[in-house]
Amino acid sequence: MATHNLIQTVTVGAGGAASVEFTSIPQTYTDLLVLYSLRGSQAQVYTQATLTFNASSTGYYWKMLQGTGTSIGNQAVTNGSSIGGFNGTGSSATANTFGNLRLYIPNYASSQFKSCSINDVLETNASTTYMALVAAVWNNTNAITTITITGANNWVQHSSASLYGIKNT
Amino acid sequence: MPTKLTINCTTGERAEVEMTAEEVAQQEADASAFAEEQAARQAQEAAAAEAKASAQAKLKALGLTDAEIEALIK
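The listed protein sequences correspond, in order, to chains A and B.
Oh and the first sequence: position 139 is 139 in this note's numbering, straight run, nothing missing.
Numbering-wise, this note's numbering comes out as the position in the second sequence, counting from 1, plus 169.
Bound conformation, chain A alone (with noise of 0.2 Å):
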């Protein structure tokens, strides 16, 4: 049985931050979750956010497929220097909203490609949302070690980061 295991938390404090990044990531799992709870600063209902792993700016390739309520949207990126197509709830969100995004991603210690999963559903008071799924591959064979992820501007106080350890015990 798949037994989560938390290995790290993180809330965002008063000043805000660019960007969460965990670092030296324990190489004794199988998988990995991240759970995260975001709202950003930028000026939008939405606000985009990026992740890369280990620090690289090459080699991903990724496909989004998104909802607003109102309509769907789609994008690709081939060999692009981070993953994208998701997003955090904006500062023009309703107050106090934070959006939900969900990160996996299986066999991460592997010497092969890595892929990863996304899943955000963004949270504001209004008939047009956004939720988005995310499908990704980082072309490289280093384990990862370190996840990064940024937004336009900041993520502001209380946004918060769970990064989940994954095997089978």
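Just to be clear, a hint being listed does not mean it is correct.
[Claimed, not checked] So the derived list for chain B, only partly shown, Cβ under 8 Å to chain A, looks like this:
(1) 178
(2) 179
(3) 181
(4) 188
(5) 201
(6) 203
(7) 213
[Claimed, not checked] Chain B is nowhere near these chain A residues, computed Cβ spacing over 12 Å in every case:
(8) 4
(9) 98
(10) 113
Hint data in this document are derived by calculation from the structure and do not stem from the laboratory.
No experiment lies behind these values; they were computed from the predicted model shown.
All C-beta atoms, glycine included, are put in the ideal place defined by N, C-alpha and C.
Following the hints, position chain B against chain A.
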């Protein structure tokens, strides 16, 4: 300079550090790409809304009621 919140998962040490010039450049490049993609997406959504309104107006001109049009597009 923007800051980065780092958490060392082995030691538990947390630090708030300034982002490097390369990281800031990456953030700006990502923001630019995002703005470009967002503009294209909004144009696509506006075009779809306009086409929908136009189609509804044409159906109404043909004599369909609002309820019949609503039934068609659901």
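Consistency of the hints with the structure:
1. 178: holds (5 Å)
2. 179: For residue 179 of chain B, the interface hint holds, since the closest Cβ of chain A sits about 4 Å away, which is under 8 Å.
3. 181: Because about 7 Å separates residue 181 of chain B from the closest Cβ in chain A, which is inside the 8 Å limit, the hint holds.
4. 188: holds (6 Å)
5. 201: Given a least distance of 10 Å, the restraint on residue 201 of chain B is violated.
6. 203: Holds: closest Cβ of chain A sits about 4 Å from residue 203 of chain B, inside 8 Å.
7. 213: holds (7 Å)
8. 4: Given a closest Cβ separation of 15 Å, the condition holds.
9. 98: holds (16 Å)
10. 113: Given that every Cβ of chain B is farther than 12 Å from that of residue 113 of chain A, nearest at about 21 Å, it holds.
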